[in-house]
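Trainee: Below, each chain spelled out in residue letters.
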Amino acid sequence: MTEELAQTPSTAPARGPRKLIFETGSPESRCFEAPALDVPAGSLDDMLGGAGRTRAPRLPHVSETEIARHYTHLASMNFGVDSGSYPLGSCTMKYNPRLNEDACRLEGFAGMHPYQPPATAQGALELMVGLARTLGEISGLRAVTLQPAAGAHGELTALMVFRAYHVANGDARKRVVIPDAAHGTNPATVAMCGYEVTTIASDANGGVDLDALRAALDTDVAALMLTNPNTLGLFDPNIVEVCAAVHEVGALAYCDGANLNAIMGVTRPGDMGFDAMHINLHKTFATPHGGGGPGAGPVCVTEALAPFLPGPLPVREATGAFAWMTPEHSIGRVKAFAGNFGVLVRAYAYVLALGGDGLKAASEQAVLSANYLKEKLKGAYDLPYDRTCMHEFVLSGARQRKANGVRTLDIAKRLLDHGIHPPTIYFPLIVDEAIMIEPTETDSLEDLDRFAAAMLAIAREAAADPELMHGAPYTTPVRRLDEARAVKQPDLRWRPTQ
Amino acid sequence: MTSYPSDLRYDKEHEWIRVEGDVAVIGISDFAQDQLGEVVYVDLPAVGDTVTSGETFGEVESVKSVSELFSPVSGEVVKVNDDLDGAPEAINEDAYGTGWMIEVKLADASELDGLMSSDEYQDFIASEA
Amino acid sequence: MRFTSISCEQREAMLRTVGCADMDALFDSVPAAVRLSRPLDVPDGLTEFEADSRLRALARANAPATSLVSFAGAGCYDHHIPSIVDHVLRKPEFFTAYTPYQPEVSQGTLQNIYEFQTMICELTGMDVANASMYDGATALTEAALMAARVTKRHTVVVSAAVHPEWRQVLRTYADASVLEVREVASAGGVTDGAALAAALDDSVAAVLIASPNFFGALEDLGAIAEAAHAAGALFVVAANPVLLGVLEPPSAFGADIVVGEGQMLGNAMSFGGPGLGFFGAREAHLRQMPGRIVGRTVDVDGSMAFVLTMQTREQHIRREKATSNICSNHALNALAATVYLSALGVAGLESVGRSCVAKAHYLRAALLSTGRFASPWESAFANEFALSFDGDAVALRDALVERGFLAGVPVRELDPCAPAGLMLFAATEKRTKAEMDALADEVTSL
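Chains as they are written, first to last, in my numbering: chain A, 28 to 525; chain B, 21 to 149; chain C, 121 to 566.
Keep in mind that the hints were calculated from the coordinates and are not lab data. All figures in this text were calculated on a predicted structure; none of them were measured in a lab. Please note that the accuracy of each hint is not assured.
Said to hold, decoys possible - Quick list of simulated restraints, FRET-style, between CB atoms: (1) A/K405 - B/N112: 31 to 39 Å; (2) A/E473 - C/S173: 31 to 39 Å; (3) A/D459 - C/D321: 49 to 57 Å; (4) A/E473 - C/S187: 30 to 38 Å; (5) A/A228 - C/D322: 41 to 49 Å; (6) A/L456 - C/E403: 51 to 59 Å.
For each residue, glycine too, the CB sits at the ideal point set by N, CA and C.
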């Protein structure tokens with residue numbers, strides 16, 4: 028070890044025996060007690076038309092105490108935003124305000140059934156209208172659906188809207204153009220929407236190569252899907268020309284909103300020429316990532332595309348009352364019920380707390396913090412695109428790999444020993460040994476400096492002791508896993524014989 | 021250590037081929053298996069399927085990547101290495117032996133002329149790097 | 121700002137470090153023409169107290185189902201949620217964590233997903249399950265798409281007795297892809313067997329059925345499975361998981377894929393979301409499944425450990441050839457489901473199921489006794505059923521809201537072709553005999 032002793036993550040427990048919930052408790056353990064039935068029990072199998080269950084499912088037998096301890100143990104093996112810095116590029120791991128958690132649990136929200144008559148849901152509808160209006164203002168794209176459940180779901184919704192628009196104009200078109208730096212959800216979404224993917228290379232500055240774009244564009248192209256700022260954390264200075272070129276062939280421009288946290292109140296995708304974008308409320312609007320979800324992926328579009336949005340949409344009628352309205356040429360539903368309402372409540376609470384100026388200040392600080400870290404780290408690691416970045420930047424571990432045989436994976440794992448969650452690694456694909464860093468505005472200067480110090484210490488360790496790096500992490504609840512075995516000998520569920 | 025037996029021919033997608041009469045055995049080169057890392061899954065065609073020179077005939081996967089397999093020749097698949105189902109690591113451990121993938125009855129022997137010798141293939145790898 | 125601690129002084133120092141004169145200079149790459157030259161038209165930020173007051177006012181402007189006596193169901197149900205569930209969900213190590221891509225510090229999330237997958241397999245009788253989908257509707261649609269991949273066919277047959285909104289989602293996805301949807305009419309509250317037979321041929325990838333279906337009726341799954349399999353199609357069943365403690369699992373009838381909405385497993389109704397979709401399948405089709413899957417393995421020390429596996433199916437690796445574009449799922453809702461099922465156990469789940477079934481049957485008899493309802497059919501049902509009111513169901517529902525009841529769901533609000541009087545009623549274990557008698561009394565007195 029070098030002089031900077033790595034810290035044990037604050038949440039790491041003593042490594043002790045670990046059990047599945049199915050192996051906990053005893054057959055007599057109970058948490059739930061059923062009240063006495065106050066109606067005639069009847070013959071269950073008769074009532075169910077003979078379809079009664081013949082063999083009980085094997086569920087845990089545990090008391091409430093055992094449940095509390097089981098999940099507290101599991102929680103102790105997790106790292107969350109509250110545990111420490113979480114600079115995952117493209118994921119915007121900002122702090123999740125606690126008022127938002129309280130608000131979505133208010134009975135007036137959590138207790139709402141989706142098919143209540145609108146007269147009993149005026150507050151819920153007003154909240155949705157208010158959030159949609161805010162997202163429309165921030166994006167510069169005024170027509171908004173809150174229905175999509177996640178970013179990828181929003182992408183799909185927008186492409187379906189594009190397809191419906193093109194079909195209405197008599198030509199569904201065939202292809203969607205995507206830069207090589209795109210998230211994997213983009214091409215996967217294109218395929219689900221029945222289009223073919225045309226990939227174009229990025230230019231030397233990491234932006235869209237205008238010549239390559241023009242060469243790829245023709246009247247078969249339905250859309251360009253572009254993340255801006257892109258996955259290198261760079262704002263495309265040619266964005267107006269890019270969108271104009273797309274429009275010249277009658278195609279539509281789609282903005283993947285994963286990186287909206289860089290530009291709120293500074294610039295708007297609608298003003299750049301985009302026709303649609305999705306917004307990840309679980310990134311930019313501070314709703315929790317939940318260990319993988321739920322999120323919400325509202326889609327904002329131009330007035331021209333508004334008639335095609337999925338319905339129903341929450342609206343305010345001339346009377347001032349709130350109601351549901353389905354657009355004239357709606358593509359239909361993309362989800363049952365009214366979207367991930369509980370997530371929408373949290374996002375609205377965030378908007379209320381920050382206000383217009385606060386949202387802009389959040390973006391500015393996110394960008395400043397990323398540039399600050401970039402300056403601190405660019406001497407010790409390669410920086411393939413040395414420009415002022417937006418809210419994230421991408422380093423390369425190529426130098427460490429070449430000089431010491433230390434890979435980006437090793438660097439990431441070693442960060443865990445410093446009590447810091449690693450950045451996104453090996454993405455975007457166009458950067459060798461990529462390390463994609465997004466600090467977010469909610470990290471303090473002390474957090475930023477601690478992260479920078481850890482990265483610099485690791486660069487020194489990589490040179491001094493590569494073997495140490497290959498073995499990291501050492502202080503986590505488990506160490507590196509046999510992932511090949513997980514694929515070759517799939518064990519995807521507990522069985523009692525094990 | 022990677023090796024490139026001289027009795028085999030190679031293509032630019034890193035497959036090797038061993039011709040025995042009118043039948044050809046196909047697998048991936050040491051270079052390819054090394055680049056992939058530990059192979060955890062292989063998806064191969066069935067006996068009786070037809071493969072076409074330059075087109076995909078299957079996939080090989082590591083934990084976090086997928087690579088398509090391209091056939092160096094055209095013809096009918098007459099044998100498939102089913103052992104790879106349970107032990108795909110054979111591709112890493114013995115790429116030219118137990119790691120073979122399919123046997124193809126050659127439809128057009130002249131397709132072999134376009135393939136590389138061991139020396140040519142090693143030059144090709146060096147030029148790609 | 122409450123969530124950002126960097127002071128003005130620190131900000132100035134940081135700007136000096138990066139060599140920018142001011143914040144504006146950070147955005148030099150943004151062309152002047154597209155810089156927003158005015159403040160955002162979003163109201164000023166509020167203190168926590170002010171924001172809380174505003175949110176509470178909005179909440180108070182609702183009359184939530186839980187403040188009424190609710191018999192509304194139609195895919196979203198008001199079950200009792202043990203207190204422990206939300207206390208687990210509120211642990212920040214769970215809810216503030218990202219997707220468990222770094223398994224060394226995500227064992228809590230990963231082990232929970234493994235336990236969730238196991239519970240879904242146990243309830244549905246399937247071999248494998250994924251880590252969750254967005255909701256029941258998208259899970260059903262993904263099942264249709266998976267069946268098309270497995271069978272290399274492009275038509276799916278869906279029963280008209282599947283929830284109208286789920287069918288709409290299926291159609292929306294199908295309209296944008298190569299999938300063709302054939303809808304089979306219902307008769308007597310269940311899928312019409314003759315119409316189903318007529319719809320089946322060798323182009324059909326899957327038959328999609330819900331049981332209990334949208335009308336609450338139980339389908340003859342065995343007969344439908346036989347017809348589907350005879351045509352070479354996969355049999356996809358949407359189930360209500362809270363009832364699988366008392367109902368035979370779809371696997372027993374030959375289901376190839378079992379999906380459904382999992383909101384009722386420990387998740388608040390929350391105006392319809394977020395709930396969760398669950399997805400179970402046969403092991404033979406594992407590599408065609410959408411979504412994340414967790415497996416158990418060991419670490420370098422030989423300790424038990426869990427990890428996301430079979431990732432080459434997913435979009436971040438296979439891109440346009442992925443089995444789905446899904447990335448974010450509903451992991452936290454799956455955690456709620458796992459804690460819920462742990463709390464209930466076998467006996468608890470069975471007692472909840474028994475209670476729902478018995479109460480739904482009592483409620484139906486009580487409503488019929490008012491003389492205002494007729495029974496449209498006599499199909500077997502579990503926790504939910506449809507009755508025909510002798511007037512307008514929407515007017516009835518609205519009148520009863522005034523009296524403190526959310527009586528049910530008028531079918532015409534979801535399906536414009538339905539008769540005006542048709543109404544769905546659901547009973548959960550929370551409803552009491554006294555409440556059901558009171559509803560019948562109110563109907564009588566109208």
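Trainee: Hint by hint, say whether it matches the structure.
Mentor: These are the hints, each one checked on the structure:
1. A/K405 - B/N112: 31 to 39 Å: holds, 37 Å
2. A/E473 - C/S173: 31 to 39 Å: At 33 Å between Cβs, range holds.
3. A/D459 - C/D321: 49 to 57 Å: holds, 52 Å
4. A/E473 - C/S187: 30 to 38 Å: At roughly 46 Å between Cβ atoms, C/S187 and A/E473 fall outside 30 to 38 Å, so the hint is violated.
5. A/A228 - C/D322: 41 to 49 Å: The hinted range 41 to 49 Å holds for A/A228 and C/D322, with Cβ atoms some 44 Å apart.
6. A/L456 - C/E403: 51 to 59 Å: For A/L456 and C/E403 the Cβ distance comes to about 32 Å; the hint is violated.
Violated hints, listed in ascending order, are 4, 6; each of the other numbered hints is respected by the structure.
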